[in-house]
Each structure stands twice: as C-alpha cells, then as structure tokens.
Amino acid sequence: MKIRIVNKDAVEPAHRCEHEPYEYYKYEMSGEAGQCYVALYELPPGKANYPYHYHMGREEIFYIISGCGTLETPEGEKPVRAGDVVICPAGPEGAHRLVNTSPEKLVYLDCDTVDMPEVVLYPRSEKIGIIADGQARFYKTGEDVGYYEGE
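Under the working numbering, the residues of the sequence shown are numbered 217 to 367, in order.
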C-alpha cells in the first residue's frame with residue numbers, strides 16, 4: 217500500500233433507495249484494502265442509511281461535515297450537527313442509527329476499522345448479518361440450530 221489522495225469528485229457514488237425510510241449516496245474513498253475503511257455519506261432530508269445496528273468487531277467513527285440529525289443509541293436519541301465526531305465502539309454499547317432531521321443533506325465521513333468476516337446485529341428486527349468474501353447474508357437470530365445438525 218502507498219499514500220493515496222482521493223477526491224470526492226473522482227468517486228462515483230452508490231445510490232441506495234430500496235425501502236421507504238432509508239436512502240443514501242455513498243462515496244467509497246478507500247475500498248477495503250487496508251485496516252481502515254473510509255466512506256463519505258450523503259443522506260437526504262428525513263432519511264437514514266441503515267437500520268439500528270451494531271458491529272461485533274468493527275469500530276466506527278463519524279465526522280459530521282454538514283447538516284444535522286439524530287443519532288439513535290442504547291441511551292436514547294442524541295442530536296448531532298456539523299463539527300461533531302461520533303465514536304461507535306464494537307458491541308451492543310455501540311448500537312446506532314443516524315437519521316437526517318434537517319431540510320438539507322446530512323453529509324458525514326465514516327471511518328471504520330476493518331474486521332473480516334464482519335458480524336452485524338440488528339436488535340429491533342432480531343437479525344444477524346454475516347459479511348465475508350464480498351457476500352452479505354442475513355438471518356433471524358431466533359432460528360438457532362444444533363452444531364451437528366445436518367452433518
């Protein structure tokens with residue numbers, strides 16, 4: 217690896233808008249090549265990019281560039297605005313969902329540690345996500361099976 221300089225204007229954003237309360241534009245700035253993943257997000261007014269969740273191994277840091285929003289946490293909702301840095305530790309205590317509550321775009325930089333395979337839990341919908349080898353799979357947490365089942 218070597219030093220890279222990446223300008224947002226040189227990155228084609230991924231736009232996702234598949235489910236009513238969720239929409240975002242994501243500019244992947246780093247890829248997953250190193251120990252840190254960096255993306256720039258733009259959330260339209262009234263939207264979140266992901267459901268309430270937490271990561272088992274990955275820590276996340278958000279720097280709010282513009283706009284304001286509400287960060288849902290295990291301790292309740294917290295307002296965030298331009299200039300704020302949000303640090304989400306791995307585990308249940310780092311559960312979060314960021315919602316744009318402003319009439320303008322909420323723009324923030326997301327820096328994550330890279331931990332593969334990645335395990336993500338969604339407490340409200342009782343799902344677990346496993347991300348490995350470029351694939352993401354989601355399961356209901358209540359459908360446990362025995363270790364030797366099917367062997």
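Simulated from the structure, these hints should not be mistaken for lab results. Glycine residues also receive a C-beta, built at the ideal position from the N, C-alpha and C atoms. Be aware that a few hints might be false.
Stated by the list, open to error - Derived CB-CB ranges, DEER-like: (1) Ile303 to Ser282: 15 to 21 Å; (2) Glu228 to Val301: 24 to 30 Å; (3) Ser246 to Val301: 37 to 43 Å.
Please name the hints from earlier in the document that this structure breaks, with their numbers sorted from lowest to highest.
3
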